[in-house]
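S.K.: Chain by chain, the residues:
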Amino acid sequence: DSGVTQTPKHLITATGQRVTLRCSPRSGDLSVYWYQQSLDQGLQFLIQYYNGEERAKGNILERFSAQQFPDLHSELNLSSLELGDSALYFCASSGQGELFFGEGSRLTVL
Amino acid sequence: AQKITQTQPGMFVQEKEAVTLDCTYDTSDPSYGLFWYKQPSSGEMIFLIYQGSYDQQNATEGRYSLNFQKARKSANLVISASQLGDSAMYFCAMREGGEYGNKLVFGAGTILRVKS
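Line order of the protein sequences matches chains A and B. With the numbering used here, the residue at position 41 of the first sequence is 41, and numbering never jumps. With the numbering used here, the residue at position 78 of the second sequence is 1078, and numbering never jumps.
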């Protein structure tokens, strides 16, 4: 158990819909990272938050947004979903060293 | 430009033998870290081992060791005495210093299959 909690574990929705993925980091970790893992793109960094502020942005689409709340949990919002958004979405947290990953949220867009 | 390269899409190894998974990286930052993660079929990402760019010795964690060759920019993972449970996808990743925090950039991964 990495200590990072992600919900939901599985999500099936239709094209055009909007979903929210939630992440609770390890106790004491201030940084939260979101990654997308799809078959054709591998593990892609989306965005990082540190103590509520956006720290770094990667290949995140404009249809996607994220935020980190005062209690340090984070949410990734995916809107106007397309078939290609089907993927495993990971949240990770870190203190000073390695990233600890949650179990991921598997999103299927039909 | 590709920062992390894993040239072996798939590898087979006999149970109880050692296997080396290759990883090369590209950075101009003198301060960086290299990581290996394991992803079994269940999907979770499991941290295995870390090597800092200034570390003088190769990192080891149980049956895992990292063969760090700085001049060649390679950070190969060596798994000794392979077990069936080692069958998984293995990712090499790099963290660079600077303003971008601790985000990791991942390679494409290598699928390892351990044969009995």
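You may find that some hints are simply not true.
[Unchecked claim] Derived EDC-like pairs: lysine to aspartate or glutamate, alpha-carbon spacing no greater than 20 Å straight-line: (1) A:Lys9 to A:Glu103; (2) A:Lys57 to A:Glu75; (3) B:Lys1073 to B:Glu1017; (4) B:Lys1115 to B:Glu1017; (5) B:Lys1003 to A:Glu98; (6) B:Lys1003 to A:Asp40; (7) A:Lys9 to B:Glu1044; (8) B:Lys1073 to B:Asp1055; (9) A:Lys9 to A:Glu75.
FYI, nobody ran anything at the bench for these hints, they're computed from the structure.
S.K.: I'd like to know which numbered hints this structure contradicts. Please list them from smallest to largest.
M.R.: 3
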